[in-house]
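*Asks:* With these hints in hand, go ahead and build the complete structure from the sequences.
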Amino acid sequence: EAGVAQSPRYKIIEKRQSVAFWCNPISGHATLYWYQQILGQGPKLLIQFQNNGVVDDSQLPKDRFSAERLKGVDSTLKIQPAKLEDSAVYLCASSFPLYNSPLHFGNGTRLTVT
Amino acid sequence: AQTVTQSQPEMSVQEAETVTLSCTYDTSESDYYLFWYKQPPSRQMILVIRQEAYKQQNATENRFSVNFQKAAKSFSLKISDSQLGDAAMYFCAYRSAGSSNTGKLIFGQGTTLQVKP
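Sequences listed follow chains A and B, in order. Per my numbering, residue 1 is the first one in the first sequence, and the count goes up by one each step. Per my numbering, residue 1 is the first one in the second sequence, and the count goes up by one each step.
Don't read these hints as lab results, they were simulated from the structure. Note that beta-carbon positions come from the ideal geometry of N, C-alpha and C, so glycine has one too. Worth double-checking, as some hints may not be accurate.
[To be verified] Covered stretches of chain B, going by a simulated chain A footprint (3 or more residues, C-beta under 8 Å): (1) 32-44; (2) 103-117.
[As the list claims (entries may be wrong)] The list that follows gives simulated cross-link-like pairs (lysine to any residue, SDA-like), each with its CA atoms no further than 25 Å apart: (3) A:Lys44 / B:Ile46; (4) A:Lys44 / B:Pro41; (5) A:Lys44 / B:Ala53; (6) A:Lys44 / B:Phe68; (7) A:Lys44 / A:Lys83; (8) B:Lys55 / A:Phe96; (9) A:Lys44 / B:Thr24; (10) A:Lys44 / B:Ser22.
*Replies:* Put into structure tokens, the structure is as follows:
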């Protein structure tokens with residue numbers, strides 16, 4: 001089966017600019033996760049979708065971050081305006097809608113904010 | 001809230017030797033899952049091994065095994081016969097069980113494993 005696809009692979013922007021990341025989950029996976037991984041740290045959940053509804057966005061900085069999953073398939077994560085501390089790898093993962101279904105991760109997008 | 005702690009930022013092992021990575025966690029739940037993930041430079045998280053909290057038997061996957069101590073809230077990973085390809089960052093992760101939970105993973109800070117030839 002095709003894995004979780006993410007693009008772009010790398011992105012460099014200046015602070016106060018905007019940026020968007022795209023994720024295409026594995027076919028049939030209703031649950032989609034966006035994680036932020038700052039260099040040297042473990043991934044932190046930003047937002048979780050079940051189909052096109054938000055399950056958990058408690059750690060999403062809503063003043064600058066937004067995410068959507070129209071039609072319950074692809075998802076985009078946006079940052080506007082970006083700050084230096086947003087430099088990180090943004091990982092997308094997907095799973096079947098079962099609490100014990102394994103997560104499958106994409107290769108992530110490495111964002112550098114200068 | 002649940003937390004996961006990995007106290008070893010870096011570990012080193014000689015090729016063909018055995019190494020153990022440590023992980024402790026904090027939870028008030030009785031039913032949960034624990035995982036070890038490997039993250040090579042490609043950045044993709046690869047599941048290494050998984051343990052269900054209700055199982056007393058420690059999980060094993062080929063050269064990888066865990067020492068799960070539920071009372072001590074400890075979950076260490078042992079890699080036997082280390083290979084150069086094992087060099088990566090390793091993350092311990094926690095996941096609540098039960099249909100009322102969201103299924104999200106909570107990760108530790110990671111341990112970078114270096115394998116010396």
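*Asks:* Against this structure, judge whether each hint is valid.
*Replies:* Structure-based check of all given hints:
no.	hint	verdict
1	32-44	holds (count 4)
2	103-117	holds (count 8)
3	A:Lys44 / B:Ile46	holds, 16 Å
4	A:Lys44 / B:Pro41	holds, 18 Å
5	A:Lys44 / B:Ala53	holds, 22 Å
6	A:Lys44 / B:Phe68	holds, 24 Å
7	A:Lys44 / A:Lys83	holds, 17 Å
8	B:Lys55 / A:Phe96	holds, 23 Å
9	A:Lys44 / B:Thr24	holds, 17 Å
10	A:Lys44 / B:Ser22	holds, 20 Å
Of the numbered hints stated above, none is contradicted by the structure.
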